[in-house]
Amino acid sequence: MSFNIEYLFGPETGMILAGLGVAIAIFIAGTGSARGVGMAGEAAAALTREKPELFGQALVLQLLPATQGLYGFVIGLIILLNIESGMDASQGWYLLAASLPVAITGFTSAPAQAKASIAGMQILAQRPENVTQGIVYSAMVETYGILGFVASLLMIVL
Amino acid sequence: MKKLTLLAEDKEKERVLVAMQAMHNVEVISLKEAFSEGEDPGLIGLQFEEQKENVGQLTQKLQDIRYAIAYLDQYIPSVGMFKRLKKKRPTYSLDELERRVKEIDYQKLLHQVDYMEETLVRLNEKLKELQKEEAFFRQWQNLTFMPTDTKIFKYFNVLVGTIEAEKAQAFEMAINELDLAYAEDIYQSRDTWGYLLVTSKDEFETCREIQENYGFQPLIYQAKSLPKDELNANLTTQKQIIQKITEEKENLKKYHITREHLQLAEEYIYNMREREKAKELMIHSEFVFVISGWIEADKLASHIEHIQAVCDNQAIAFFETDVQEEEIDDVPTVFDNPEFIKPFESLTAQFGMPKYNGFDPTPWYYPFHIAFFGMMSADLGYGLLLWLATGYALKEFELTKGMRLSFKMFNQLSYGTMFFGLIFGSFFGFDLPFRLLNLTDNVILIMGISVALGIIHMILGYGIRIYLAIKAKDYVSAYLDGAQWALILLGISITALNMFFFNLSWLSTAGLILILGNILGMFIVKILSNENKLAGLGQAAFGIMDVAGMIGDLVSYTRLTALAVSGANIGMAFNLILSLLPPFARFTIGLILFLLLHALNIFITYLGAYVHSMRLEYVEFFGKFFESDGKSFTPLKTLEKYIWTKKS
Numbered sequence: 001m002s003f004n005i006e007y008l009f010g011p012e013t014g015m016i017l018a019g020l021g022v023a024i025a026i027f028i029a030g031t032g033s034a035r036g037v038g039m040a041g042e043a044a045a046a047l048t049r050e051k052p053e054l055f056g057q058a059l060v061l062q063l064l065p066a067t068q069g070l071y072g073f074v075i076g077l078i079i080l081l082n083i084e085s086g087m088d089a090s091q092g093w094y095l096l097a098a099s100l101p102v103a104i105t106g107f108t109s110a111p112a113q114a115k116a117s118i119a120g121m122q123i124l125a126q127r128p129e130n131v132t133q134g135i136v137y138s139a140m141v142e143t144y145g146i147l148g149f150v151a152s153l154l155m156i157v158l
Numbered sequence: 001m002k003k004l005t006l007l008a009e010d011k012e013k014e015r016v017l018v019a020m021q022a023m024h025n026v027e028v029i030s031l032k033e034a035f036s037e038g039e040d041p042g043l044i045g046l047q048f049e050e051q052k053e054n055v056g057q058l059t060q061k062l063q064d065i066r067y068a069i070a071y072l073d074q075y076i077p078s079v080g081m082f083k084r085l086k087k088k089r090p091t092y093s094l095d096e097l098e099r100r101v102k103e104i105d106y107q108k109l110l111h112q113v114d115y116m117e118e119t120l121v122r123l124n125e126k127l128k129e130l131q132k133e134e135a136f137f138r139q140w141q142n143l144t145f146m147p148t149d150t151k152i153f154k155y156f157n158v159l160v161g162t163i164e165a166e167k168a169q170a171f172e173m174a175i176n177e178l179d180l181a182y183a184e185d186i187y188q189s190r191d192t193w194g195y196l197l198v199t200s201k202d203e204f205e206t207c208r209e210i211q212e213n214y215g216f217q218p219l220i221y222q223a224k225s226l227p228k229d230e231l232n233a234n235l236t237t238q239k240q241i242i243q244k245i246t247e248e249k250e251n252l253k254k255y256h257i258t259r260e261h262l263q264l265a266e267e268y269i270y271n272m273r274e275r276e277k278a279k280e281l282m283i284h285s286e287f288v289f290v291i292s293g294w295i296e297a298d299k300l301a302s303h304i305e306h307i308q309a310v311c312d313n314q315a316i317a318f319f320e321t322d323v324q325e326e327e328i329d330d331v332p333t334v335f336d337n338p339e340f341i342k343p344f345e346s347l348t349a350q351f352g353m354p355k356y357n358g359f360d361p362t363p364w365y366y367p368f369h370i371a372f373f374g375m376m377s378a379d380l381g382y383g384l385l386l387w388l389a390t391g392y393a394l395k396e397f398e399l400t401k402g403m404r405l406s407f408k409m410f411n412q413l414s415y416g417t418m419f420f421g422l423i424f425g426s427f428f429g430f431d432l433p434f435r436l437l438n439l440t441d442n443v444i445l446i447m448g449i450s451v452a453l454g455i456i457h458m459i460l461g462y463g464i465r466i467y468l469a470i471k472a473k474d475y476v477s478a479y480l481d482g483a484q485w486a487l488i489l490l491g492i493s494i495t496a497l498n499m500f501f502f503n504l505s506w507l508s509t510a511g512l513i514l515i516l517g518n519i520l521g522m523f524i525v526k527i528l529s530n531e532n533k534l535a536g537l538g539q540a541a542f543g544i545m546d547v548a549g550m551i552g553d554l555v556s557y558t559r560l561t562a563l564a565v566s567g568a569n570i571g572m573a574f575n576l577i578l579s580l581l582p583p584f585a586r587f588t589i590g591l592i593l594f595l596l597l598h599a600l601n602i603f604i605t606y607l608g609a610y611v612h613s614m615r616l617e618y619v620e621f622f623g624k625f626f627e628s629d630g631k632s633f634t635p636l637k638t639l640e641k642y643i644w645t646k647k648s
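Chains as they are written, first to last, in this note's numbering: chain L, 1 to 158; chain W, 1 to 648.
If you're looking for bench data, these hints aren't it; they were derived computationally from the structure.
All figures in this text were calculated on a predicted structure; none of them were measured in a lab.
Note that beta-carbon positions come from the ideal geometry of N, C-alpha and C, so glycine has one too.
Mixed in with the good hints there might be a few duds.
Here are the simulated DMTMM-like cross-link-like pairs (lysine to aspartate or glutamate), alpha carbons at most 25 Å apart as the crow flies [unchecked claim]: (1) L:K51 - W:E260; (2) W:K641 - L:E50; (3) W:K83 - L:E53; (4) L:K51 - W:D73; (5) W:K224 - W:D64; (6) W:K408 - L:E129; (7) W:K88 - L:E50; (8) W:K408 - L:E53; (9) W:K401 - L:E53; (10) L:K51 - W:D64; (11) L:K51 - W:D114; (12) W:K631 - L:E129; (13) W:K86 - L:E53; (14) W:K355 - L:E129; (15) W:K253 - L:E53; (16) W:K277 - L:E129; (17) L:K51 - W:E117; (18) W:K641 - L:E129; (19) L:K115 - W:E620; (20) W:K87 - L:E53; (21) L:K51 - W:E640; (22) W:K637 - L:E129; (23) W:K401 - L:E129; (24) W:K61 - W:E640; (25) W:K61 - L:E84; (26) W:K342 - L:E129; (27) W:K641 - L:E53.
Taking CB as the label site, the calculated pair distances span [to be verified]: (28) L:R127 - W:T400: 12 to 22 Å; (29) L:P52 - W:I44: 49 to 59 Å; (30) L:R35 - W:S30: 49 to 59 Å; (31) L:T48 - W:E640: 19 to 29 Å; (32) W:F397 - L:L154: 43 to 53 Å.
Just chain W, with the same shape it has in the complex:
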């Protein structure tokens, strides 16, 4: 890492930022810290620009655009996953993007989409309203006269209204008991019944009492024609609206060009917002500005060259500085590994970033990771499949950078699967004619190999710990946290090997001396290094408990065998079941079943292998030495969600 500081004339501000953003390799840092507390930059004519308003406006725009894109996504028919993944992304330089977006007039497009959405919402609301009315008219459709016409009788009182369903029958009976009154139901629904009520003027008062007692509600009818006609008109309008909604939706399906344009606008606005954010970190004066940031040392020269190429050379001054001792805590970390190890860096980053100048364990666990994954998913067929699938995806699909790295990782892991598949002689659960080890008969040996791999893995972990402690001149820790355990582990391995293979008494003594000697060593070092000798003794006694933890770590590696045996046996069992089918079925439905069952086993096996190889790294390996207190490198960069951006 180096710090690049750049002083330039104000007119070059935008162009410098665009050039930096296109390169994706400077993390802009705030210059506020350059001033000590109480010092006012304003006094010497310098200032920091607040861009909150700008950034806020751009964020709002970005949200609007994203909302519109998501809205269009609902209606524009999606292409198949395969086609989508294969579709090549266009490449733009930031200048080209800006020109293109200015041609597009995305504000107008946003309004258009907004208008379409509003239209659809309005139509749907209208439809809902009509459906409500439809229910009303449908109930009253048997009414053959206008409810408003009932006032014309001289001797009779005619009423139309509703009553709650459970009171309806009692109500009808009560009315019929009167001399000159008549009640007839017009409709019956679950909640209410509709009634036509006829009474003579003489009995009007009694009838009203009954109405009140049973909660009769007179109908309020505001439509201009008969319910039946209203219903027909309503249904016709509904049909028209539904037709219109379909038309609008059809229309929206053709909006893919609009969506593409909005996607470009999203890229453009996002990039602009990131540049505005960067401006907050710079320092400005009337004529010049200063921007500063971290950059990888080997990229510095080409970065400066690029800025010089696109900006006015006379107006810019560059300053490079090395990382200062007191800055180390603030410097972001970038992994620096050969191309084939790069895909595994994300595993380390998931656990935590090492400090700048810290220790990157990625290349050290790399071979173990492939071996662990391979052992837990050992099958030549499964491995070939993974290799082909990831290889095809890498070659044919347009992948994001993260996806590309993941596919590359699995592509490499598949070599482990194929290798151990050959050793265990397994091909889609069938036995290969040749094999080194057999997962049914040599389980104990394979378990021994697992633990042996684990011992090497752990000793490497302790070794790194020793190296780091010595580098930090902490020799006590080098022994207590590293050397001691590595030597005890060595003692245990010697004793075990001797027991199984050599049976030499001096070798067993040597193993025992290593184990006991180092436990004794722990006591001595703890007591000597501790100011309070008694506390040191106590700590050492507690330290013996850590031996149990170490044995636990060792046992943990038996999962390599466990997952290998379980994956292989399940594959075998599936084949066994399929072989029981009669020949005709075996080669028809059996083939389909074979594919489905093995697809299931492949998924479960790879899931287990992926997860548990990660666990072995995180707990058994990283636990010995890794300190993850670094920051990851977040350069000023472009969105690259729908397009690629190029330098110029």
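So that you can see chain L by itself, here it is in the shape it has in the complex:
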């Protein structure tokens, strides 16, 4: 029997590929954020052991790399709203491709942002009044996650 893609995916190939896009956007970006928030969380916990009163600000620094996962989630949701039964396989491929920018930039930028956040916690430990500057340094990294999100969004809605 010759290999046939329809044999593998069934008649709804387009829908399944788009579904794969939903999954990729959410889980890859989510993995990036989970790693980032985890790394920053360790540093935050170490800091709060010494200075429990800084919990709130340490939490802010910890949560900065959390947004990439949310961007992935939103793109996943938007792709999900665009899935229809009987859609073309090519449309499915396109939505799958649209999930990639947010997924990959999220996966890479969140841990990098976490590193900036961890360094920011050093500022917090020694000069709590200057913590805003640490927050801004960390937010710089997020720009690339945002650009990935914007690219994915544009690919879907344009």
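Since chain L is already given, all that's left is putting chain W on it; use the hints.
Below, chain W without anything else, positioned relative to chain L:
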């Protein structure tokens, strides 16, 4: 700013300083610079007082007081956050504070707290010691005779001792192989076993060899009665000590009055130390002293009036001087904005202080900041919540000045959130029946609006740059760093607008001319302004790269849309999930989930909006013109950590 210099009789020194400190508006400056190098003020009977010792002693006192307060904090039950924030602070004038602290005798209080701490430490040490002994007696509690009584046998040698756990069994076997020897274990622990060892005098030597081989340690027992009785006595004492520790801790709980008094003392000592520091900056002679400092011009009159009111008027002379040209680098900067813009000054200060006479960008980015924040967190419900929460806090809570300003800022930012929430028709993630734009269907349009806002923001930035450069008569910079980019940006906008809306060929030509003309202009100006024409050409070629940077700035504003879409969609998704619950669950656990999930989204959304609106100001706006080489204004002031101080 003006410089206020004050000459007064020595007896007025303390009162003048107290009056200045109460006003919080003079930054005392050192008068040492008034003398040129090599000039010795001592020759004309003037001197600077070293206050290091005084300041050091006061700092030490301050540390002791702070330590005692922190120690009491551990034991005095804390009141809830709400109650604490609502508790009104007492207000004292510096004289009243001094009188109050003198009544208190804080040294005695410090000794008291110190004594309590020592008592607790001693009790705890005792307890630890007893616990160690307890473990020992517990092991030997099966010993029914005194180990010291074993010497009385004539034909037998009786020994009590320990051996390492892993050698114990082999040891026991070796002993039992002897004819007239007996070993019995009294206890077994993880590390050691305790043994009673009986041998006849004949086998004493062999037995000793075995003991040595296996590392038998004879017991050294110093207690006066049997281990069992000792254990009981020990446990009773422990109980008593624990009881005593609890009593002491209970006692400490009632120390809140002491803590309040120590807090007053902290305020008092801190204020005194600040005044001592100021004395180091003044100049003294036998009868008079001179103090000098920066003061905001509009506060000068009331300041002088206040000093005149509390001090002996005849003994003081005031001199006012305007800022001199050569002093500008040393003059501190104070923002001067209308009341509603003041809360945003801290954002500028976080980036850096503008120079005295420099440009304060706060009022210029103020409307953009509210718009950016609002767009990135657009939701009518979230905005209302922020408005109510900050409004309540401002009305009901006793906030420090910094906190008050922050709350005021967020209170204003909430208007942006509500405004854009109305435009996007979103209320806690639900659709409002009316809306101007839809975050799902009009994404491209909203992105266009974001970039358009960004273009206006950037052109304003370039505009400020042009203004500053022209003010400094640096016309080359006005064109190269400002006008050129603003015009290119204008060209890009015209071209884009024309493409989407008008499609007029002359308009597209006009846009193109603006872009290319200004790139050409950059070449011309760079070559003309550079002495080395070739280097100018090279620099201009590099300048083209900056176009890419400008496009990057433009793209950066798409984050406005990105954060708006992500916040709204997450709220929507939460509501969608909750709507899947069956009706009964939806109105019970669903409500709780609704609150929790939206609380999470609110936090993340506001965090993102706060951080990214700041980034847009710092990088995309300040980057165009802002020079932050100023100093912030640090007046001689009171601590105001637990109380407020008033003028008199």
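To see whether the hints hold, each was checked on the structure:
1. Distance hint between K51 (chain L) and E260 (chain W) is fulfilled; the C-alpha atoms sit about 24 Å from each other, no more than 25 Å.
2. Of the supplied pair hints, the one linking K641 (chain W) and E50 (chain L) holds, its CA atoms being roughly 23 Å apart against a limit of 25 Å.
3. Using a Cα cut-off of 25 Å, the hinted pair K83 (chain W) and E53 (chain L) holds, with the two alpha carbons roughly 18 Å apart.
4. For the proposed pair K51 (chain L) and D73 (chain W), the alpha carbon gap of about 15 Å is at most 25 Å, so the pair holds.
5. Annotation: proposed proximity of K224 (chain W) to D64 (chain W) is violated, straight-line Cα distance about 45 Å (limit 25 Å).
6. Proposed proximity of K408 (chain W) and E129 (chain L) is supported: the alpha carbons are some 19 Å apart, at most 25 Å.
7. A hinted pair counts as satisfied when its Cα atoms are at most 25 Å apart, and K88 (chain W) with E50 (chain L) does not qualify at roughly 30 Å.
8. Restraint check for K408 (chain W) and E53 (chain L): satisfied, since their Cα atoms lie roughly 23 Å apart, inside the 25 Å limit.
9. As the CA atoms of K401 (chain W) and E53 (chain L) are separated by approximately 19 Å, the hinted pair is consistent with the 25 Å bound.
10. A threshold of 25 Å between alpha carbons decides the hint, and for K51 (chain L) with D64 (chain W) the separation of about 20 Å falls inside it, so the pair holds.
11. With a CA separation close to 24 Å, the supplied pair K51 (chain L) and D114 (chain W) stays within the 25 Å bound.
12. With a CA separation close to 16 Å, the supplied pair K631 (chain W) and E129 (chain L) stays within the 25 Å bound.
13. Using a Cα cut-off of 25 Å, the hinted pair K86 (chain W) and E53 (chain L) holds, with the two alpha carbons roughly 20 Å apart.
14. A hinted pair counts as satisfied when its Cα atoms are at most 25 Å apart, and K355 (chain W) with E129 (chain L) qualifies at roughly 21 Å.
15. Between K253 (chain W) and E53 (chain L), the direct Cα distance comes to roughly 22 Å. Compliance with the 25 Å bound is thereby established for this hinted pair.
16. Pair hint K277 (chain W) plus E129 (chain L) holds up; C-alpha atoms about 23 Å apart against a cutoff of 25 Å.
17. About 22 Å separates the Cα atoms of K51 (chain L) and E117 (chain W), which keeps this hinted pair within 25 Å; it holds.
18. A threshold of 25 Å between alpha carbons decides the hint, and for K641 (chain W) with E129 (chain L) the separation of about 16 Å falls inside it, so the pair holds.
19. With a C-alpha separation of about 24 Å, the suggested pairing of K115 (chain L) with E620 (chain W) holds against the 25 Å cut-off.
20. In summary, the hint linking K87 (chain W) to E53 (chain L) is supported, as the alpha carbons are separated by about 20 Å, within the 25 Å threshold.
21. A threshold of 25 Å between alpha carbons decides the hint, and for K51 (chain L) with E640 (chain W) the separation of about 23 Å falls inside it, so the pair holds.
22. Distance check on the hinted pair: K637 (chain W) and E129 (chain L) sit about 19 Å apart at the alpha-carbon level, within 25 Å; holds.
23. Between K401 (chain W) and E129 (chain L) the CA atoms are separated by roughly 14 Å; this keeps the pair inside 25 Å, and the hint holds.
24. Simply put, K61 (chain W) and E640 (chain W) have alpha-carbon atoms about 18 Å apart, close enough for the 25 Å limit, and the pair holds.
25. Straight-line distance between C-alpha atoms of K61 (chain W) and E84 (chain L) comes to about 75 Å, which puts the hinted pair past the 25 Å bound.
26. For the proposed pair K342 (chain W) and E129 (chain L), the alpha carbon gap of about 18 Å is at most 25 Å, so the pair holds.
27. With a C-alpha separation of about 16 Å, the suggested pair K641 (chain W) and E53 (chain L) falls inside the 25 Å cut-off, and the hint holds.
28. Range check, R127 (chain L) to T400 (chain W): about 18 Å between beta-carbon atoms, so the 12 to 22 Å window is met.
29. One distance hint, 49 to 59 Å for the beta-carbon pair P52 (chain L) and I44 (chain W), holds here, with the actual separation near 56 Å.
30. The beta-carbon spacing between R35 (chain L) and S30 (chain W), approximately 52 Å, falls within the hinted interval of 49 to 59 Å.
31. For the pair T48 (chain L) and E640 (chain W), the supplied restraint of 19 to 29 Å holds, since their beta-carbon distance comes to about 27 Å.
32. Between F397 (chain W) and L154 (chain L) the C-beta distance comes to about 45 Å, which sits within the given range of 43 to 53 Å.
Hints 5, 7, 25, counting from the list given before, are not met by this structure.
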